[in-house]
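Working from the sequences, and respecting the hints, build out all of it.
Every position in the sequence shown, counted from 1, becomes a number in our numbering once 93 is added.
Be careful, since some hints might not be right.
Straight-line alpha carbon distances no greater than 25 Å define the calculated PhoX-like cross-link-like pairs of lysine-lysine that follow [as the list claims (entries may be wrong)]:
1) K152 to K163
2) K166 to K187
3) K166 to K152
4) K187 to K168
5) K177 to K188
If you're looking for bench data, these hints aren't it; they were derived computationally from the structure.
All values derive from a computational prediction rather than experimental measurement.
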Amino acid sequence: MREILQESETNLEHKKRIQMLFKLFNMSITDNFNTNYAMLLFINNVYYKNINRVNEIEKRSNENIQQLYKYNKLKDTAQDILGKLAEIKGVTNKKISEEYNTPE
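And the structure:
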């Protein structure tokens, strides 16, 4: 971080990028190196906090999807078993669902 800021003093492209970044946070480059450095650290911390939140949300979402897959597989298996049971007893699936108090 410090190196990037130091380079921006001599490299116009780096300075423009830092100015654009600061502008996103309603900040502007000052003449004080330490102030600019502190603002860059603040922006960096905000960035990584948000990245971590996004990663956590993605992880939870994937876990929920896996749970839904398991639930659907169990539900399909239960429906298959109830269908076979209805076939063996010679009744409709609706009758079996009512008998075992399950949704159709």
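Taking the hints in turn, this is what the structure says about them:
{"no.": "1", "hint": "K152 to K163", "result": "holds, 17 Å"}
{"no.": "2", "hint": "K166 to K187", "result": "holds, 21 Å"}
{"no.": "3", "hint": "K166 to K152", "result": "holds, 21 Å"}
{"no.": "4", "hint": "K187 to K168", "result": "holds, 16 Å"}
{"no.": "5", "hint": "K177 to K188", "result": "holds, 13 Å"}
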